[in-house]
Amino acid sequence: SENIVEVIDDQQENFEGYVQLTAISDFESTLLYERKNPEQYECKQCLVEENNQILYDLQSIQSHLLADHGYSVYICENCHSYFTDDTELTQHKNEFHSLTSQLVIKCTKCDKTFTTRKSLEEHAHLHAEDPRPFKCPKEGCNKDFTSKYTLTSHMKIHTNRPRPFRCKICDKSFYHAQNLMQHEKLHTSTKEFFCPLCNKAFSTQHNLDVHLIVHSKVKKFTCGVCKKQFARKAEIRDHERTHTGERPFACDLCSATFAQRSNLLSHKKATHLNDKRHKCTYCDRGFKRRRLLDYHVKSAHTGERPYACQICTATFVIPEHYKKHLHIHTGKKAFTCELCKRSFSSKDNLKAHRFVHSKQKPYECVVCQMGFMRKNLLFSHMKKALHDTDQYVVNEPKIGSGNSIEIAKTFVTIEENSHESAN
Numbered sequence: 001s002e003n004i005v006e007v008i009d010d011q012q013e014n015f016e017g018y019v020q021l022t023a024i025s026d027f028e029s030t031l032l033y034e035r036k037n038p039e040q041y042e043c044k045q046c047l048v049e050e051n052n053q054i055l056y057d058l059q060s061i062q063s064h065l066l067a068d069h070g071y072s073v074y075i076c077e078n079c080h081s082y083f084t085d086d087t088e089l090t091q092h093k094n095e096f097h098s099l100t101s102q103l104v105i106k107c108t109k110c111d112k113t114f115t116t117r118k119s120l121e122e123h124a125h126l127h128a129e130d131p132r133p134f135k136c137p138k139e140g141c142n143k144d145f146t147s148k149y150t151l152t153s154h155m156k157i158h159t160n161r162p163r164p165f166r167c168k169i170c171d172k173s174f175y176h177a178q179n180l181m182q183h184e185k186l187h188t189s190t191k192e193f194f195c196p197l198c199n200k201a202f203s204t205q206h207n208l209d210v211h212l213i214v215h216s217k218v219k220k221f222t223c224g225v226c227k228k229q230f231a232r233k234a235e236i237r238d239h240e241r242t243h244t245g246e247r248p249f250a251c252d253l254c255s256a257t258f259a260q261r262s263n264l265l266s267h268k269k270a271t272h273l274n275d276k277r278h279k280c281t282y283c284d285r286g287f288k289r290r291r292l293l294d295y296h297v298k299s300a301h302t303g304e305r306p307y308a309c310q311i312c313t314a315t316f317v318i319p320e321h322y323k324k325h326l327h328i329h330t331g332k333k334a335f336t337c338e339l340c341k342r343s344f345s346s347k348d349n350l351k352a353h354r355f356v357h358s359k360q361k362p363y364e365c366v367v368c369q370m371g372f373m374r375k376n377l378l379f380s381h382m383k384k385a386l387h388d389t390d391q392y393v394v395n396e397p398k399i400g401s402g403n404s405i406e407i408a409k410t411f412v413t414i415e416e417n418s419h420e421s422a423n
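For the sequence shown, the UniProt record's numbering assigns the number 1 to the initial residue and increments by one for each residue that follows.
The hints are simulated quantities; they were obtained by calculation from the structure and are not laboratory data. Each residue gets a CB set at the ideal place from its N, CA and C atoms; glycine is no exception. All clues stand as given, with none of them false.
FRET-style restraints, in silico, Cβ to Cβ:
| # | residue 1 | residue 2 | range |
| --- | --- | --- | --- |
| 1 | Asp284 | Glu320 | 19 to 29 Å |
| 2 | Arg277 | Leu326 | 32 to 42 Å |
| 3 | Thr90 | Asn376 | 47 to 57 Å |
| 4 | Ala201 | Thr87 | 27 to 37 Å |
| 5 | Thr152 | Ala67 | 19 to 29 Å |
| 6 | Gln229 | Gln310 | 23 to 33 Å |
| 7 | Glu406 | Arg277 | 32 to 42 Å |
| 8 | Lys347 | Met370 | 19 to 29 Å |
The calculated lysine-lysine pairs, modelled on DSS-like cross-linking and capped at a C-alpha distance of 25 Å, are:
| # | residue 1 | residue 2 |
| --- | --- | --- |
| 9 | Lys323 | Lys298 |
| 10 | Lys398 | Lys135 |
| 11 | Lys219 | Lys332 |
| 12 | Lys168 | Lys191 |
| 13 | Lys233 | Lys106 |
| 14 | Lys191 | Lys172 |
Please take these sequences and the hints and turn them into a complete structure.
Put into structure tokens, the structure is as follows:
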């Protein structure tokens with residue numbers, strides 16, 4: 001098949017580019033969309049015709065081009081090649097992005113290896129003289145960022161540009177009507193497609209099909225660093241950031257950064273939006289996430305504890321707690337501290353141990369920045385000090401360059417973490 005896109009590097013910023021159509025049939029010399037960063041796309045047709053600047057993810061830009069402009073296009077998420085037929089895209093992936101054709105890319109600075117150029121580019125920031133070279137020009141702000149995109153996103157908080165389109169449900173506002181329309185689907189869309197293996201629900205058959213790969217025993221993507229295998233490209237991409245320490249997704253409302261875009265969106269919803277759309281039918285409590293509502297109903301009302309240990313009598317509401325419990329019986333200690341080589345049975349225990357090598361403490365008051373080793377001590381402090389807030393900071397220690405401890409801060413609402421009290 002003939003590739004009908006060209007990825008052109010921006011000479012000013014080597015890690016960004018744009019996709020341009022070449023002279024092929026109806027698409028001749030048309031600049032259809034621009035890749036704003038590795039995760040978001042801008043429709044150039046709308047920008048030219050309506051001066052409408054809207055950002056889409058990979059699936060959304062394909063749907064938009066078909067529904068609004070009549071272009072049936074298929075974009076490779078690995079290299080951004082562009083096809084008019086899905087079978088051509090499949091053939092392209094098998095030829096250039098399958099396990100047999102996959103090249104291991106090595107960092108010239110530290111010899112770490114990666115399976116994609118994108119992962120290497122994210123890692124490369126750690127070796128730069130200034131790993132966060134993009135500085136906010138606003139006087140008194142002093143924030144800096146790893147990419148031009150995150151700086152641009154952050155700058156929106158300093159502008160008085162009006163957001164006339166406001167959501168009637170959660171009061172969030174937008175620059176464009178179409179942004180509001182896309183957002184409102186979060187409140188109105190129903191998830192009618194259920195996974196037969198774990199009962200997770202999805203709004204489209206496509207999303208369900210993508211999810212089913214998680215349950216597949218075929219894991220064709222192998223991490224070049226630790227050799228762990230994954231079923232999906234997106235999984236290995238997210239996993240590789242655990243080796244690079246890169247957290248490219250920055251919240252434009254606070255200082256929190258994340259390794260995955262989904263975690264950033266969850267953070268914004270949990271921390272900055274007062275949207276408790278998931279209501280309990282027993283006590284009318286509201287939750288920002290369906291998962292938290294499910295945990296609440298089982299632990300507070302029905303008594304259901306679906307995860308039962310086959311070795312002892314322990315039962316659990318939350319699957320992560322069940323998995324952590326199993327390590328008690330196996331004695332397996334797969335998580336090793338990079339600094340002192342002590343091993344632990346769970347990632348949580350390793351994270352807790354890392355504070356031994358840091359001056360920070362796991363939990364921090366957002367009002368006075370006082371740190372605590374246990375969450376209940378923090379809550380007791382907040383109550384005694386009359387700090388009227390439902391938020392606190394979770395500090396997560398990461399291994400940075402030169403085996404130094406770096407602290408990533410996450411703002412959490414008290415309610416969002418309340419399910420952890422249920423075993």
